[in-house]
Amino acid sequence: MDILSLFVLVPFLTIIGILCTKGLKGTRVVSAVGMGIQLIMAFHLLFKYLAERRAGNIAEMVFVKSHLWYQSLNIHYTVGVDGIAVAMIMLTSIVVFAGVFASWMTKELPREFFISLIFLSSGVFGFFISIDLFTMFLFYEIAVIPMYLLIGLWGTGPKEYSAMKLTLMLMGGSALLVLGLLGIYFNSAPNGGQLTFNILEIAKVHIPVATQKFFFPFLFVGFGVLGALFPFHTWSPDGHASAPTAVSMLHAGVLMKLGGYGILRVAMYLLPDAAVQMGWIFLIFTTTSVVYGAFGAIWQKDLKYINAYSSVSHCGMVIFALLMINKTAMDGAILQMISHGLMTALFFALIGMIYGRTHTRNIHEMGGLMKVIPFLAVIYVIAGMASLGLPGLSGFVAEMTIFVGSFQNVDTFHRVCTIIATTAIVVTAVYILRVVGLLLLGPIKNAHFEELKDATWYEKVSLLTLLIAIFAVGLAPFWLSNMIQDSLTPIVAKLSVIAQ
Amino acid sequence: MILATMAALAGYIPFHDLVTSDGKAFETVFQWNIAIPVTLFAFCGIGLAFVMYYKESPIADRVSKALGGFYTAAYHKFYMDEVYLFVTKKIMFGMVSRPIAWFDRHVIDATMNGIASVTVFTSNSIKGLQSGQLQKYGFVFVSGAVLLAVVFMLLWAR
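Taken in sequence, the protein lines are chains A and B.
Numbering-wise, the numbering used here comes out as the position in the first sequence, counting from 1, plus 5.
Numbering-wise, the numbering used here comes out as the position in the second sequence, counting from 1, plus 33.
In short, the hints are calculated from the structure, not lab data.
All values reported here derive from a predicted model rather than from experimental measurement.
Quick reminder that beta carbons are idealized off the backbone N, C-alpha and C, glycines included.
Some hints could be false.
Claimed, not checked - Sample of chain B residues lacking proximity to chain A, with all beta carbon distances greater than 10 Å (derived):
(1) Y86
(2) S90
(3) R131
(4) T144
(5) L181
Said to hold, decoys possible - Okay, derived cross-link-like pairs now, EDC-like style, lysine to aspartate or glutamate, Cα gap no bigger than 20 Å in a straight line:
(6) K306(A) - D142(B)
(7) K164(A) - D114(B)
(8) K122(B) - E456(A)
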């Protein structure tokens with residue numbers, strides 16, 4: 006068994022382990038051990054990847070393994086990783102591990118809940134290790150579909166409506182993706198020969214520009230729906246508000262990143278001419294996403310809605326940076342995916358913990374929580390500071406890199422887009438500081454709040470796991486940034502040649 | 034005293050060596066032509082404050098009356114707090130965020146829900162076609178085939 010396939014196998018073994026246990030305690034322990042092993046494996050992969058590169062391996066993807074799956078359509082189970090994929094696997098492992106501890110007190114159908122959650126994570130891991138478009142899409146669907154059950158069964162509020170809306174909108178995106186992927190497949194051998202789904206092989210051929218321009222919007226919008234691209238973001242606020250804590254964490258923290266990753270790895274890399282020529286159209290949408298999401302967050306009263314709109318803004322920034330088509334901005338985009346993944350997972354974990362105690366998510370009904378739950382409150386403030394880009398935390402590194410990279414484009418259009426997008430930094434500070442003030446400072450608004458208990462040990466494990474990662478990226482970003490930049494080289498080189 | 038001592042000495046910490054974006058020290062040149070006038074200006078301010086406020090004196094009142102509106106504006110910190118509240122509350126909250134939140138809920142979200150409603154409406158409208166009557170299915174099938182044949186014949190005739 007190759008090292009990468011273990012990332013799909015371990016979740017399935019964990020699910021089998023859960024099925025063999027009895028009671029809530031056994032389910033929790035098996036889930037935590039399984040995802041703990043997954044986290045250790047992610048660190049092992051990271052060190053092994055860095056060692057491989059230090060040893061002089063300059064291949065675009067390393068640890069590549071391929072098995073023929075369906076001969077007549079030349080479909081392979083092909084896996085491999087570069088620095089970007091390794092970084093995303095690290096992010097997923099951290100968020101899933103934290104998510105298991107954040108769901109520690111799930112009492113309603115706990116076994117089914119943890120099975121669905123871990124099954125979903127296996128899809129995400131599979132997506133990031135795949136370099137065959139068909140396999141990648143298969144894992145994409147595995148990651149998306151369990152969301153319906155997780156929100157519909159374990160959610161709160163109008164959960165059936167939200168689950169249906171989220172699933173249908175994402176499936177709509179999937180339908181566009183199928184068209185785009187098939188378009189690439191049937192044009193993967195323009196000079197004759199066998200058609201292929203293999204990303205590395207397709208990247209070597211030149212698909213006719215007219216064909217690229219026809220299929221690029223399908224792929225961009227298809228992945229963009231999952232990346233909460235304006236105006237296809239409306240599943241996000243309702244979906245996140247109704248989802249249980251760990252599902253919000255995983256969805257906003259990791260699943261939304263599949264959108265940005267797919268746009269980079271598939272839409273832009275395989276259809277580079279179209280990306281360069283049509284990028285400006287989508288840059289307008291992403292700039293809108295960045296500002297629209299931030300302003301949308303200000304007016305919200307529900308903590309989850311605030312974070313959901315904030316995610317629209319931050320994920321918009323990822324796609325915005327990718328469309329800037331230079332190494333610095335694209336490096337910032339990947340850093341932003343990781344930074345936002347950690348931050349938003351931390352936010353959703355905290356919101357779930359606060360809601361579990363106060364039974365409200367309305368910011369106007371809360372106040373003075375710093376006095377009664379200081380641990381949770383301090384972590385909330387740190388998460389907020391990371392979100393608004395305080396130096397020393399991950400958000401600063403990501404946003405700074407994005408805006409420095411974006412400003413490297415000297416033409417007026419890109420400059421104007423960049424200036425508009427930077428206003429989101431100020432707006433983010435407004436809604437973060439407003440929430441911190443209303444939620445945590447001032448007098449305690451409800452007598453019942455004075456009896457609240459601070460974080461439990463399992464909540465602390467969940468929060469500290471994410472917090473350590475946020476500080477690690479914020480204080481020592483160069484190792485991560487260098488790893489990403491090396492892997493961006495072939496992608497940027499391909500796009501830059503066309504852009505010139 | 035501890036903080037004052039540290040504040041006085043903080044300028045000697047070589048931040049240009051420590052804070053760097055690319056691992057290299059930031060090159061700085063001491064600009065005497067800027068540093069000297071600015072420092073003198075600061076000392077003038079300290080001297081002026083000493084003359085006006087060290088002992089009770091009518092000079093401060095006379096100066097404030099002489100400056101008129103400028104003094105009032107300076108006293109209110111040039112109305113920065115009011116400007117801040119106007120920008121955040123009236124403009125950002127009231128004139129931008131509120132309309133965006135309304136637009137998102139009543140236009141963008143409503144459009145998506147509208148598409149879903151059209152699907153449900155269409156489904157409801159055509160479900161009657163599934164009557165289970167084979168004669169009806171046969172009639173529709175043959176009618177469609179005849180219609181297509183007529184269309185193609187007309188096109189071919191042109």
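Checked hints:
| no. | hint | result |
| --- | --- | --- |
| 1 | Y86 | 35 Å, holds |
| 2 | S90 | 42 Å, holds |
| 3 | R131 | 5 Å, violated |
| 4 | T144 | 8 Å, violated |
| 5 | L181 | 26 Å, holds |
| 6 | K306(A) - D142(B) | 18 Å, holds |
| 7 | K164(A) - D114(B) | 43 Å, violated |
| 8 | K122(B) - E456(A) | 34 Å, violated |
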